[in-house]
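Could you put the whole structure together from the sequences, leaning on the hints where they help?
The primary structure of each chain is shown beneath.
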Amino acid sequence: MAKDRTLLGLTLALALLMAGMAVFPQWLTFLVMMSLARGLVVLAVVLQMRAGLVSFGQGLYYCVGGYTAAMLGSLYGVHEVAVLIAATILVSATVAFVLGTLLSRYRDIFFAMLTMAFSMILYGVLVKSSALGSTDGFSLPGMTFFGWTPETQSTAVYILTCLLVYLIALAYHYYQESPAGYLAGAIRENEIRVEYLGSSPQRLLHCKYVMASVIAAVGGLLSALATGHVDPEMAYWTTSGEFVFIAILGGTGHVAAPFIGSTLFSFVQTYAYQFFPYTWQMVLGLVLLLIIVFLPSGLWSLVQRSGSEKPRAADH
Amino acid sequence: MQPIIRTEGLCRNFGAVVAADNITVALAAREVIGVIGANGAGKTTFVNMVTGYLKPSAGKIYFGDRDITKLKPREVMRIGICRSFQIPQLFPELSVLDNLLVAVSSSDGTWPSFVKPLKSQARIDAAEQVLDEFEIVAFRDTIVGTLPQGIRKLVDIAMAMVSKPAVLLLDEPTSGVSAAEKFAMLDTIMAAVSGAGATVLFVEHDIEIVERYADRVLAFYDGRIIADADPDIALNDPDVRQYVVGSEVHRRQEGP
Amino acid sequence: MLTLLAILVDGLNYASWLFMVAAGLTLIYGVMKILNMAHGSMFAIGAYTSAWIAGWYFTGADSMWGYLLMLGGAIAAGAFVGLVIERGLLRFLYGRDPVVMILLTYAVLLILEDVTKLIWGVDPYFAFQPYTLLGRTQVGPLTFANYDFGVILVAAIIGLGLWWGLNRTRRGKLLLAVIHDPEMSVALGINVRAYFLLTFVIGSILGCVAGAVTAPAISVAPGIGVEVIVLAFAVVVIGGLGSVGGALAGALIVGFSRATAVHLLPQVDLFVIFGVMSLVLVVRPQGLFGRAQPRKI
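As they're listed, the protein sequences go chains P, C and B. Under my numbering, the first residue of the first sequence carries the number 21, and numbering increases by one thereafter. Under my numbering, the first residue of the second sequence carries the number 923, and numbering increases by one thereafter. Under my numbering, the first residue of the third sequence carries the number 23, and numbering increases by one thereafter.
Worth flagging that the hints you see were computed from the coordinates, not collected in a lab. The structure presented is a predicted model; accordingly, all values stated were derived computationally and were not measured. Errors might be hidden in some of the hints.
The calculated EDC-like cross-link candidates involving lysine to aspartate or glutamate, where the alpha carbons are at most 16 Å apart (straight line), are [said to hold, decoys possible]:
| no. | chain 1 | residue 1 | chain 2 | residue 2 |
| --- | --- | --- | --- | --- |
| 1 | C | 1086 | C | 997 |
| 2 | C | 1041 | P | 253 |
| 3 | C | 1038 | P | 197 |
| 4 | P | 148 | B | 249 |
Printed below as a string of structure tokens:
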């Protein structure tokens, strides 16, 4: 059964990654950690994309996660990762719950632009805040991991990343097979019918928004631990745009796609920066255009049957 | 006998347009009511208000004793009033079975499960049973977007029937369906529905359908009910003839 | 009291260029049902073009021709870019799924952001000469740059021009018809595709002109396009998508909100703007002048 295959596949991947730790060179473990962390944010984008919502501002929570961890570590002297994880989840869920009450009422371009706007608001606030290092950001100190003080931070972060990503990916997979997850597609296709069948599309979308935000925030936390640093760039629109780009390339079909896509993207980006330092956005834009124009089926998961406006459910 | 659904002075306007003007009507359990009227007379507005999609400008709606005027469609569905749509509201990229499964799982409870899989055997069985009642099992795995109109209508109604509602409101079930197929379709629907003992209200333009299946006819004109009686009486009412049916009734020739 | 005057003038000033940008954005949306995420890039292109022209012209001379050249350059740039995008890309993709259209304009945004970097580099432009050339006005202890009043004047002229064009000319009324119901317009024989082209070009020009007019007062650097689209979006949402009158109302509201915040508590300016927007949306989801959606089922 497909369910078992994914469980098997994910567990296998986890085992391989853990084993790889022993043989991978330093740069590879770092790349894997960052790819997995960023892959979580892509997963968050995908979760919402399945419901037809494109989030151009997922970087907001990526940044919230990173900064929560960094602030607790640097400014409040927290040195235990377990506390950071709990705090990140709590803070991001709270922010998402509040913003979600507004955002869950909007769709299409409204939703897309609002998410971008909120992300840029955070960017603006952080850039103006000299206490938080303005555009330079600031660093995190070393951490203990559930009581264990590791010899090398990167080893511990690597293990933590692999485990957390594994658990989240697994949970996501079961979620997508459940009624709540499956309803995403239904909402995307016909909200009014979903309402008439007994569920509240708005509440479900609010839920998805919060879930996606927490996942993205955990990604931000892991990214902060891996690099030891956070900066406002995490909330900048180009960062969010890259997450969307990877989400589209990977598709919304399988839980592994965001992570594989993120890894490939990291490889390509590292090399491309050597050739296109000032035109990376343009390259992304052109590729996106090519996909839209020549491979509409490449966006199969996003495209509706007809181009006409779909009916909206009444509020709530 | 207490009416199962009752409206009192239901009104609705859109700016200067009066879509519903003081609609007061009572529907009894197990009744089959045909609603007729020209386009724009207020029939679908009525259904939209009863099911909570549209807020009335004035008036009340009761389900038994309970005031349901302010309920949302999903709450109205939960208490046992379901509807089908003039233009079938389906999930075009899913298969017929998946459409039904969504309906089945949504009827389980207000808050869907986040963990247990959607496609359980129990749900698949329930969905297939409804498909069977509506005689569309052959289309089980067909993507809904590719279906012909008649089958789409059946899927639309099947989805509304999944929760075994006490009241079923059908909005133009035979519109877009060929003359040859419409009676067969309505026979299927009525068999499935009366098996569940539901009250059925159907909006129809086709007078033959109304004559054949309705116990009672409500005629709408300009947002008001201008007739409420047995089909024989209502369809021959002079106002109904003038505003709805037409002065001469042409009977379809029985085919070979 | 003086703060109030400062807020008034600043508010009108913000509102002026916001109105020009938002009018273009809302017109394009109203006619083509596309919210052009790359519209902010038009602002940026207009700003860069005019800043560059200003830098070139005002180093030697200092006459009023400079302003005309700046404006002309922006109009030309807007017309050119608008034409290229509409003819070269958009017209092949009308009617596609809303999500696809969002990604499409986003792709254009990505491309244009880097195109501006390629043409004008990454260092900021300070084209201050046009700003200082017009002198200052003293009101008590406050000084206002006359240029800022000029911006308000330009916006007023453009606003009047738009109003007259839409409501008093035959073409304009046809455009309003297309905004109201494109399908019906086609059925009535209106060449809707031609209006799409016209609207997109005019909208782009408006965006560019807004940028051109603002450039002397700001530092023109990469990233202003996105900052502007975020603000313009708030404006059109408050005003109601597709309504130029709404763009005016929204621009005034956002302009004054921003001016108030900047003078009293600068850190929260974006919060205030989006707070106001959220309030409006809660009370009136379609915006102040937006039309409620017709029945869908």
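Hinted pair residue 1041 of chain C and residue 253 of chain P, Cα distance within 16 Å: violated (42 Å)
field: Agreement of residue 1038 of chain C and residue 197 of chain P with the hint, judged by alpha carbon distance not exceeding 16 Å
entry: Holds. Residue 1038 of chain C to residue 197 of chain P sits at ~8 Å (cutoff 16 Å).
- prompt: Taken at face value, is the distance from the CA of residue 997 of chain C to the CA of residue 1086 of chain C at most 16 Å?
  reply: holds (15 Å)
task: Given the hint that residue 148 of chain P pairs with residue 249 of chain B, test it: the Cα-Cα distance must not exceed 16 Å.
output: holds (15 Å)
In this structure, only the earlier hint numbered 2 is contradicted, and the remaining ones agree with it.
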